[in-house]
Amino acid sequence: MKYEAVIGLEVHAQLATKSKLFCPCSTAFGAKPNTNICPVCSGQAGALPVLNKMAVEMAVKSGLALGCTIQEKSIFARKNYFYPDLPKGYQISQYEKPLCLNGHLDIVTDGKLKRVHIQRIHMEEDAGKLLHETGHENFSHVDLNRCSTPLIEIVSGPDLSTPQEAADTYRKLRNILVYLEVCDGNMQEGNLRCDANVSLRPIGAKAFGTRSEIKNVNSFKFLENAIAYEIKRQAEILDGGGKVVQETRLWNQAKQMTTSMRSKEEAHDYRYFPDPDLLPLVVDTLWIEKIKSSLPELPEAKAERFVSDYGLPEQDAQVLTAEKPMAHYFEECIVGFNAPKKIANWIMAELMRELKSRELDITQIKMKPNQLAHMVALIENGTISGAIGKTIFMEMLNSGTDPDKIIEAKGLKQVTDTSTIEIVIDKIIAKETENVQRYKSGKTNVFGFFVGAVMKEMGGKANPKIVNEILRKKLN
Amino acid sequence: MKKVLEKMIRLARLKLPEEEMNRLTKKTEHVLEYIERLKELNTDDIEPTSHAIEVVNAFREDAATPFSNPKKIVEIAPKSFENLFEVPRVIDEG
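As they're listed, the protein sequences go chains A and B. The first sequence begins at -3 in this note's numbering and counts up by one. The second sequence begins at 44 in this note's numbering and counts up by one.
Just so you know, these hints were derived from the structure itself, not from any lab. Just so you know, not all the hints are guaranteed correct.
[Claimed, not checked] The calculated lysine-lysine pairs, modelled on DSBU-like cross-linking and capped at a C-alpha distance of 30 angstroms, are:
(1) A:K337 - A:K364
(2) B:K45 - A:K75
(3) A:K75 - A:K211
(4) A:K251 - A:K211
(5) B:K82 - A:K125
(6) A:K470 - B:K115
(7) A:K49 - A:K75
(8) A:K93 - B:K82
[Said to hold, decoys possible] What the simulated footprint calls covered on chain B by chain A, stretch by stretch (three residues with Cβ under 8 angstroms from a Cβ of chain A suffice, anywhere in the stretch; the number is not a length):
(9) 99 to 113
(10) 123 to 131
Bear in mind the structure is a predicted one, so any value in this text is a computation, not a measurement. C-beta: ideal position from N, C-alpha, C; glycine also.
Next comes chain A alone, as it looks inside the complex:
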């Protein structure tokens, strides 16, 4: 039978606050185990949580950027379950009354626009970290540093139908959160995590099939792989007359498969109830307006501006604005040399290729925007050729040296002096008598050979326009 997949995402984003959600412990990543803990986050009797105001503002920001309605009153609830990474025996979350409701996110997959519903965004605290590889067969070990760091959970509607759409949604969500500076978006460090709910139904059917929830997907590629695998797995079960079991599954990238995960708590009976230690959170219109006015320019608006202000094609604008640091780099280049399309070409072709192959991001390179801009300016004013530009570009990328210094050190300045070029051309013509004959007999396609020979002789430094002119004059 033919099926269609129904996919929804739950994204957990760690808010980029300095301190935890309910206590003043630091949220810094990579601290020694159990150094950033206190009576509140380690669940000592009698300790009282107090809400971090910045975390609320960051959550509201995220909600506004995703078109949500910010709820005037929201309530923190206890989600009860026993697990060693949760010292209180419950996680403080929001359940019936979350902070943000009913937003949306537009994605473009294979040229098709799709509006993805954002059902809710709620605030909650993270759990601690369990370590199993400490060399003890019968024990696990717990580091509570991460315990109670602030998270938002963003829940999408079951609106996605392909692994690509899911990955595009996740990617765009990450970009928006990073733009807002509410989340670092670092998936390796786990400050952005995604679970996917996947079910199948016969094409055309209205009712949802039984879903499985996939956890542990910490890259866009893994998310795509995991969902694709899950769709295939469920289709095989259904085709064989079986029933999909509602369960949580873990993605195993090494084995390229999902495996069933034993349930944390039987029947998932979390017995939610309002946390009596925390007062209701009220965000009034005035506060919302204040936060709204602090929102930065988001990717879509920035892309539109790149089209209208810089005259870039829409495709270029999309590529350049997808990630905030890249957009910033581009604009810094424009300050140095106002040739948007030329700069965009260098960034999208040369720079992005190199970043990809070197597995770097734009914030990690030595080449400064004004250096790239200056190099493009040197090409435009004829000081260097485009080919030399590529040499300089690689050198700048490797060492961060100024283009002028590279040109001077390597003697790469373009030769525009006609008499110097003429001497070389005369030499080539004298040597290549056969090819000169060919040209004169009408085989004008050997012209390119002469240009190449001159360029080679001059180490690529001759001004191509002048070479062309003189060659043509001499050969005709």
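Given chain A, put chain B in place with the hints provided.
Okay, now just chain B, sitting in the frame of chain A:
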């Protein structure tokens, strides 16, 4: 009723002697009967009560201040190992 109570007790990781169970079953039945009676009231236009007092919003500013003695917290745990809490082995991967 006893079944419900047994489940709640299991979820809360409690263990009760049989006579205590019987006593609590009866007590819980009374509580639930009372709630059934309360349900007769029409509460259509009443917002569910989450908190007993009408106070909202208590915040702290986002500043990181280390706790004076985090080591002590590990020390008072039943078991620890190299500044980590030690617990019976739990692993999720099936």
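Verification of the supplied hints:
A distance of roughly 18 angstroms separates the Cα atoms of K337 (chain A) and K364 (chain A); the hinted pair therefore holds under the 30 angstroms criterion. A distance of roughly 24 angstroms separates the Cα atoms of K45 (chain B) and K75 (chain A); the hinted pair therefore holds under the 30 angstroms criterion. For the suggested pair K75 (chain A) and K211 (chain A), the alpha carbons sit about 19 angstroms apart, so the restraint of at most 30 angstroms is met. Between K251 (chain A) and K211 (chain A) the alpha-carbon distance is near 15 angstroms, which keeps this suggested pair within the 30 angstroms criterion.
Simply put, K82 (chain B) and K125 (chain A) have alpha-carbon atoms about 43 angstroms apart, too far for the 30 angstroms limit, and the pair is violated. Using a Cα cut-off of 30 angstroms, the hinted pair K470 (chain A) and K115 (chain B) is violated, with the two alpha carbons roughly 90 angstroms apart. Using a Cα cut-off of 30 angstroms, the hinted pair K49 (chain A) and K75 (chain A) holds, with the two alpha carbons roughly 22 angstroms apart. Only pairs whose Cα atoms come within 30 angstroms are accepted, and K93 (chain A) paired with K82 (chain B) is accepted, the gap being roughly 22 angstroms.
Check result for the region 99 to 113 of chain B against chain A: holds, 13 residues qualifying (beta carbon to beta carbon below 8 angstroms, three or more required). With 8 residues having a beta carbon nearer than 8 angstroms to a beta carbon of chain A, the region 123 to 131 of chain B meets the requirement of three or more and the stated coverage holds.
The structure is inconsistent with the numbered hints 5 and 6, although it conforms to all the rest.
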